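Let the hints inform the model, and build the full structure from the sequences given.
In our numbering, the protein residues as written are 3 to 405.
Don't read these hints as lab results, they were simulated from the structure. Computed from a predicted model, the values in this text were never measured in an experiment. A couple of the hints might just be wrong.
Taking lysine to aspartate or glutamate and the DMTMM-like style, the derived pairs with C-alpha atoms no more than 20 Å apart in a straight line are [to be verified]:
#1 K25 - E331
#2 K25 - E337
#3 K53 - D65
#4 K165 - D26
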Amino acid sequence: MLTSLFGYCSLIAFAWLCSSSRKDINWRTVIGAILIQFGFGALVLFSPWGKFGLEVLSVMVGDVISFGFVGIEFLFGGLAGHQHNLGFLFAFTVLPVIIFFSSLISVLYFLRVMPIIVASLGGVIQKLLGTSRAESLSATANIFVGQTEAPLVIKPYLSRMTKSEFFAIMVGGLSSIAGSVMAGYASMGVSLEFLLAACFMAAPSGLLFAKLLLPETEEPNNEKLPEDIEGAPVNVFDAAAQGASDGLKLALNVGAMLIAFVGLIALSNGILGNVGDRLGMEGLSIQLLLGYAFCPLAWILGIPWEQAIQGGAIIGQKIVLNEFVAFLEFTHIQETLNLRSQAILTFALCGFANFSSIAILLGGLGSLIPERRSEIAQLGMRALLAASLANFSSGAIAGMLVQ
3 MLTSLFGYCS LIAFAWLCSS SRKDINWRTV IGAILIQFGF GALVLFSPWG
53 KFGLEVLSVM VGDVISFGFV GIEFLFGGLA GHQHNLGFLF AFTVLPVIIF
103 FSSLISVLYF LRVMPIIVAS LGGVIQKLLG TSRAESLSAT ANIFVGQTEA
153 PLVIKPYLSR MTKSEFFAIM VGGLSSIAGS VMAGYASMGV SLEFLLAACF
203 MAAPSGLLFA KLLLPETEEP NNEKLPEDIE GAPVNVFDAA AQGASDGLKL
253 ALNVGAMLIA FVGLIALSNG ILGNVGDRLG MEGLSIQLLL GYAFCPLAWI
303 LGIPWEQAIQ GGAIIGQKIV LNEFVAFLEF THIQETLNLR SQAILTFALC
353 GFANFSSIAI LLGGLGSLIP ERRSEIAQLG MRALLAASLA NFSSGAIAGM
403 LVQ
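See the structure below:
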């Protein structure tokens, strides 16, 4: 617990040192975000009734995901689920869940269920942290949708945002995951309770580190946002179809990245293994190198030193490659880790913060506001740093609270 506390304080201190303007940091926002992080974490990870509530919510979400398997089994038959002797088939078990959940989220948005939830939570965050209406709404939307969809909620204000607000939008997208992706991770065997908690904690943690690294120096626009969004579906069937189409693109993208990255890792490990054998360094691999590079970070988050190399390797893969590759590796070793280490890694991995996501930001957010594309490129690495620190801070809090 003390190690995780030291790690959390170290992350805050590092962000303060990297701030673009330390004198302009709004400490109300920083302290408020820290209190929300710890308060929510203590509620769902430590208090008995809070843990019970999270368990109930995870069961409900798990039941919703299970309904998606009806459609998956209709299309793929026995290849879906575990009614075969072929082992775990990622393409037929995980990727279709992304399509189903994306369609469901789209329908809930059309029925005004999600906008009410987002507006309510966003309003609470705005009041507590003193952040602008637009960045608060976007941070809340990122709990449920991805980094390219959340900015649509505030599209009319993207061109008029201050630099700090725009940066907060970027960080919010990188520090969170989409609801459809969360469902995919759950289908892989990752704890749904930890995933849900991490998704909600991403909103305050993203704003916390965004406002530490790039504080507000201008006057944000807090006018009420218009209700209508350009390109919105015309009815519930159109919403379901659009969501399914978007989910298919995401699932295909995830599948393609996994084929490429897992294959490239195997190739690299083959080369490194041969080089290592010639140099008398048996077992040399990408995972081993990343493990040694990131094991100090894994340790200060609260992972025991004897498991820190494993944890560091997974964190390194998440940053250098992508979060799906990291979670795939995590599912292979999670049974060898204690519960606290599992929680820390789940929280630390639960975000889109990796190098390839900067390109996704340029393509997605850049298409919504082309005149600020150069700003996205300029702020990309700083946003990646802020989002990574946000994810790691949630991991440190999990290390303090999970027994």
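A quick look at each hint next to the structure:
For the suggested pair K25 and E331, the alpha carbons sit about 42 Å apart, so the restraint of at most 20 Å is broken. Proposed proximity of K25 and E337 is contradicted: the alpha carbons are some 46 Å apart, above 20 Å. Distance restraint check for K53 and D65: the Cα-Cα separation of roughly 18 Å lies within the 20 Å cut-off, and the hinted pair is therefore satisfied. A threshold of 20 Å between alpha carbons decides the hint, and for K165 with D26 the separation of about 14 Å falls inside it, so the pair holds.
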